Amino acid sequence: MASLGIGFESKKQVDDFCQKLSKEAEELLSKFFPEKLEQLQMLLKTSFNCEDLASIKAPLDIPIPDPAKEEARRKKKEEKEAKEGKKDKDSEKEEEDAGPPCGPIYSNKRVESLLKEVKPEIQTLREKLNTVSMWVQLQIPRIEDGNNFGVAVQEKVFELLTNTRTKIEAFQTQISKYYSERGDAVAKASKQPHVVSIPHPPWLSSS
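Residue 153 in full-length UniProt numbering sits at position 153 of the sequence shown, with consecutive numbering throughout.
The set of hints was computed from the structure by calculation and includes no laboratory data.
It is possible that some hints are incorrect.
Dumping the calculated DSS-like pairs for lysine-lysine here, alpha-carbon to alpha-carbon at most 25 Å [as the list claims (entries may be wrong)]: (1) LYS45 to LYS109; (2) LYS128 to LYS116; (3) LYS128 to LYS36; (4) LYS167 to LYS31; (5) LYS191 to LYS77; (6) LYS80 to LYS191; (7) LYS109 to LYS57; (8) LYS191 to LYS57; (9) LYS20 to LYS156; (10) LYS36 to LYS20; (11) LYS109 to LYS119; (12) LYS12 to LYS76; (13) LYS11 to LYS23.
Pair ranges (Cβ atoms, derived) [as the list claims (entries may be wrong)]: (14) ALA187 to ASN130: 30 to 38 Å; (15) LYS23 to LYS167: 24 to 32 Å; (16) LYS177 to GLU84: 41 to 49 Å; (17) GLU117 to PHE32: 15 to 23 Å; (18) PRO59 to GLU35: 35 to 43 Å; (19) GLU24 to PHE171: 18 to 26 Å; (20) ASN130 to LEU40: 38 to 46 Å; (21) TYR179 to ILE64: 20 to 28 Å; (22) VAL153 to ASP52: 43 to 51 Å; (23) GLY150 to LEU53: 45 to 53 Å; (24) SER22 to ALA187: 48 to 56 Å; (25) THR162 to LYS69: 56 to 64 Å; (26) ASP52 to GLU155: 42 to 50 Å; (27) SER113 to LYS12: 44 to 52 Å.
From a predicted model like this one, the values you see are computed outputs, not experimental measurements.
Glycine included, each C-beta is placed from N, C-alpha and C at the ideal position.
Make a model of the complete structure from these sequences and hints.
Here it is, written out as structure tokens:
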């Protein structure tokens, strides 16, 4: 099989890229990651050091409607529909689009503050791991003498890096899932405030 011919200028660009990548990866391993570990340890001891989980609760202040007023409102609506002989679809749409009587329901400030600290760290770690993974791949030699021990070790390291990157991506997914599930729960609670078990589920008020 004929080898692929690469021009001198192109080869120089590839070599320069590999040298730059190697230097960056070695800097990450020798300096960046050890320093980052110390920073994250300090973060765990300060912002994320929460002995009392009740301190991160956010009250879900949705007023429970007066049953008598709600019944009177329902009857008035039914009488209007009976008189006009049809349902007022525009009115129903306005009710669906209307916000809760208590006004805007804000996010949990404590959780928001923690996420603002941790999200950049997750993204940075993901990018740096990509750099190290590419560097490891470039270090894997071709098996020419039958001794594949070094190759096996480097492939194992690459596998571990890939697994770590997958876990990091799962962390990012969990953050999005938190917003989605909390939003659904708040929306349900605001639409059915008369159901006592809905407005204050344990996982919602502590999230």
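Problem set entry | Assessment of proposed distance window 35 to 43 Å (beta carbons of PRO59, GLU35) | Between PRO59 and GLU35, where Cβ atoms are some 39 Å apart, the hint holds.
Exercise. Cβ-Cβ distance between TYR179 and ILE64: within 20 to 28 Å?
Worked result: Once the Cβ atoms are compared, 26 Å apart, the range 20 to 28 Å for ILE64 and TYR179 holds.
For this session: Evaluate the given range 15 to 23 Å for the C-beta pair formed by GLU117 and PHE32.
Result: Given a distance of about 18 Å, which is inside 15 to 23 Å, the answer is holds.
Exercise. CB of THR162 to CB of LYS69, is that within 56 to 64 Å?
Worked result: holds, 60 Å
For this session: Quickly compare the C-alpha distance for LYS109 and LYS119 to 25 Å and report which way the hint goes.
Result: holds, 15 Å
Exercise. Does the Cβ pair ASN130, LEU40 satisfy 38 to 46 Å?
Worked result: 19 Å Cβ-Cβ, so the 38 to 46 Å window is violated.
Exercise. Between LYS109 and LYS57, does the CA-CA distance stay at or below 25 Å?
Worked result: Answer holds: LYS109 to LYS57 is near 9 Å, not above 25 Å.
Exercise. Straight-line Cα separation of LYS128 and LYS116 no greater than 25 Å?
Worked result: It holds: about 19 Å lies between the C-alpha atoms, which stays within 25 Å.
For this session: Given the range 43 to 51 Å, decide if the beta-carbon distance of VAL153 to ASP52 lies inside it.
Result: holds, 46 Å
Problem set entry | Given hint LYS156 paired with LYS20 - CA-CA distance at most 25 Å | With Cα atoms ~24 Å apart, LYS20 and LYS156 stay inside 25 Å; holds.
Exercise. Is LYS11 close enough to LYS23, meaning Cα to Cα at most 25 Å?
Worked result: Judged against 25 Å, a Cα distance of about 18 Å means the pair holds.
For this session: Verify the proposed pairing of LYS128 with LYS36, using a straight-line Cα cut of 25 Å.
Result: holds, 11 Å
Violated hints, listed in ascending order, are 12, 20; each of the other numbered hints is respected by the structure.
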